[in-house]
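Those protein sequences? They're chains G and X, same order as listed. First residue of the first sequence? That's 746 in our numbering, and the numbers climb one at a time after it. First residue of the second sequence? That's 531 in our numbering, and the numbers climb one at a time after it.
Just so you know, these hints were derived from the structure itself, not from any lab. One thing to keep in mind: the hints can contain errors.
As a list, the in silico BS3-like pairs of lysine-lysine whose alpha-carbon atoms are at most 25 angstroms apart [what the hints assert, rightly or not]: (1) Lys-844/G <-> Lys-765/X; (2) Lys-868/G <-> Lys-884/G; (3) Lys-844/G <-> Lys-874/G; (4) Lys-874/G <-> Lys-884/G; (5) Lys-868/G <-> Lys-568/X; (6) Lys-868/G <-> Lys-844/G.
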Amino acid sequence: MQLQSMYQDIILDHYRNPHGRGLRDPFEAEVHHVNPTCGDEVTMRVHLDGDTIADVSYEGQGCSISQASVSAMYDLVIGKSVTEALGTGEHFMTLMQSKGDAAVAEGLEDELEDAIAFAGVSKYPARVKCALMSWMALKDASARALSTSSEAN
Amino acid sequence: MTQTVSRPAGAHQVPLPLDVEAIRADFPILTRTVRDGKRLVYLDSGATSQKPRSVLDAERWFYENVNAAPHRGAHQLAEEATAAYEAARATIGAFLGAPENEIVFTRNSTESINLVAYALSNAATAKEPEFRRYAVGQGDEIVVTEMEHHANLLPWQQLCERTGATLRWLGLTDDGRLDLSDLDTVVNERTKLVAVTQQSNILGTINPLGGIIARAHEVGALVLVDGAQSVPHQKVDVTELGADFLVFSGHKMLGPTGVGVLWGRYDVLDALPPFLTGGSMIEVVRMEGSTFAAPPQRFEAGVPMSAQVIGLAAAADYLTALGMDRVQQHEEVLTGYALEQLQAIPGVTVIGPPDTVARGGAISFTVDGVHPHDVGQVLDDLGIAVRVGHHCAWPVVRRYGVPATTRATFYVHTGYDDVDALVEGVREAQRFFGVVPAVTEGGTN
Chain G
746 MQLQSMYQDI ILDHYRNPHG RGLRDPFEAE VHHVNPTCGD EVTMRVHLDG DTIADVSYEG
806 QGCSISQASV SAMYDLVIGK SVTEALGTGE HFMTLMQSKG DAAVAEGLED ELEDAIAFAG
866 VSKYPARVKC ALMSWMALKD ASARALSTSS EAN
Chain X
531 MTQTVSRPAG AHQVPLPLDV EAIRADFPIL TRTVRDGKRL VYLDSGATSQ KPRSVLDAER
591 WFYENVNAAP HRGAHQLAEE ATAAYEAARA TIGAFLGAPE NEIVFTRNST ESINLVAYAL
651 SNAATAKEPE FRRYAVGQGD EIVVTEMEHH ANLLPWQQLC ERTGATLRWL GLTDDGRLDL
711 SDLDTVVNER TKLVAVTQQS NILGTINPLG GIIARAHEVG ALVLVDGAQS VPHQKVDVTE
771 LGADFLVFSG HKMLGPTGVG VLWGRYDVLD ALPPFLTGGS MIEVVRMEGS TFAAPPQRFE
831 AGVPMSAQVI GLAAAADYLT ALGMDRVQQH EEVLTGYALE QLQAIPGVTV IGPPDTVARG
891 GAISFTVDGV HPHDVGQVLD DLGIAVRVGH HCAWPVVRRY GVPATTRATF YVHTGYDDVD
951 ALVEGVREAQ RFFGVVPAVT EGGTN
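In isolation and in its complexed conformation, chain G is listed as follows (with noise of 0.2 angstroms):
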């Protein structure tokens, strides 16, 4: 059973206690991003502070694998500047094309934190998409808001 080394209880944990989940005020984009050929889907807001991730806030639905991908990232993301995000986000997408590749993993260990646990995913073509839902809305919401604040300013 190939199963477990996609399904790691760190993701399974993230599936069903979601961090950060709910949308909140105040934010500067909001986000509707789905998944089409199998209808995950999820809405993200992001607030900025100065170009610090001050919140991600979001709902969503689908399979285990694109809501404990939001979950992790939330974690990931809060604090950090916008380039140091999308950053982690490069590293994330470098992770979910490394086809299992053991190597890869291990080079994003310290970067990834519990995001490291979808490197099983990345076997598995078709799921992808799914643990990449997450961080393209991130990178969507989050040129918005930096764009809107701009223009705020």
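The hints should help you fit chain X onto chain G, whose structure is shown.
Using the frame of chain G, we list chain X on its own:
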């Protein structure tokens, strides 16, 4: 002729109408294993079917012996390729009880539907008066149902956007059937075409088309039947059906990908302008303008997918040899068994008719506490291929208030062992995700 490996004690089981072991031997892909040596339990024929050796051999025969462009050239290969291509058209015609000049080869059901939708808007601007008969424009209405696959919805939405016509639809009942209570108002004298599926790809429902077609014809509307999920699984005779168009895909009926069919009543086809234009669909071409060939050639621009058409005829022959009535009975027995077994699992809800009355072998279900994607992943790990998601019928899953479903679909090589594997796999998914509900008295939900 029972193929059972294991079954729960006391389960209702009758001999299957088809010899599953003999049929499986005809499908090379069923000998491979998946996910570390597990037997492939293929329950995704509704997405695309596997191919028997005779279909693969027919394509290879074409390329190795007669490959040439049909209806072009005067050399021997061109003659033989043309003969083979037209013989395949006759085979498909016979399969549907239709004359061969009513059979148009397309790429798939999707293209067949788009062909009709574009012909209807092209009709509005056709310079030839004889092509304007079925023109769709402002004030006209197109009727679909909430049950349609996106392929039988989006082409009509787009037709309405191009022409200013209005899209209307028949809704669904809570038990997965068409709500025909407002049929006479939704289909009215403004209706130009009714597009309806014969069998839902997600609910499995087989629709009562007779009344819909009669009402449509009463008001002078055309009827297009989406047979993508019915033609592969039951005998469909176009004369008995009484519609104006029937579309289906080859790859869902044991045939190759890249070939589909549009059947149309000849007098209707003859009154439609072309969709795709180019080589071989013409009568006379001048720089100033051109005239078009008669159907079916009018709708077959470009060198056709010859080998695939030959393969599709081989698939029709294979199904005819099994007997479409027996194919349908086979799936009905399996569907009844699967419905009974799945619905006996606490936490499992079937989305669609709960029994085999007017129902085909597509079973969608949800499992409390486990997302369909995750159900599918556990099943995949056990070697079981199912479809998960919204099945290109997003309005349907929305109607029933679920984000997605897991869907199992059956075909000629499906046996009790496959259904048993599915049922056990669903239980495994519940165990894996820790959502095994307490067993209630009697063991059913």
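Please name the hints from earlier in the document that this structure breaks, with their numbers sorted from lowest to highest. Hint 1 alone not satisfied by this model.
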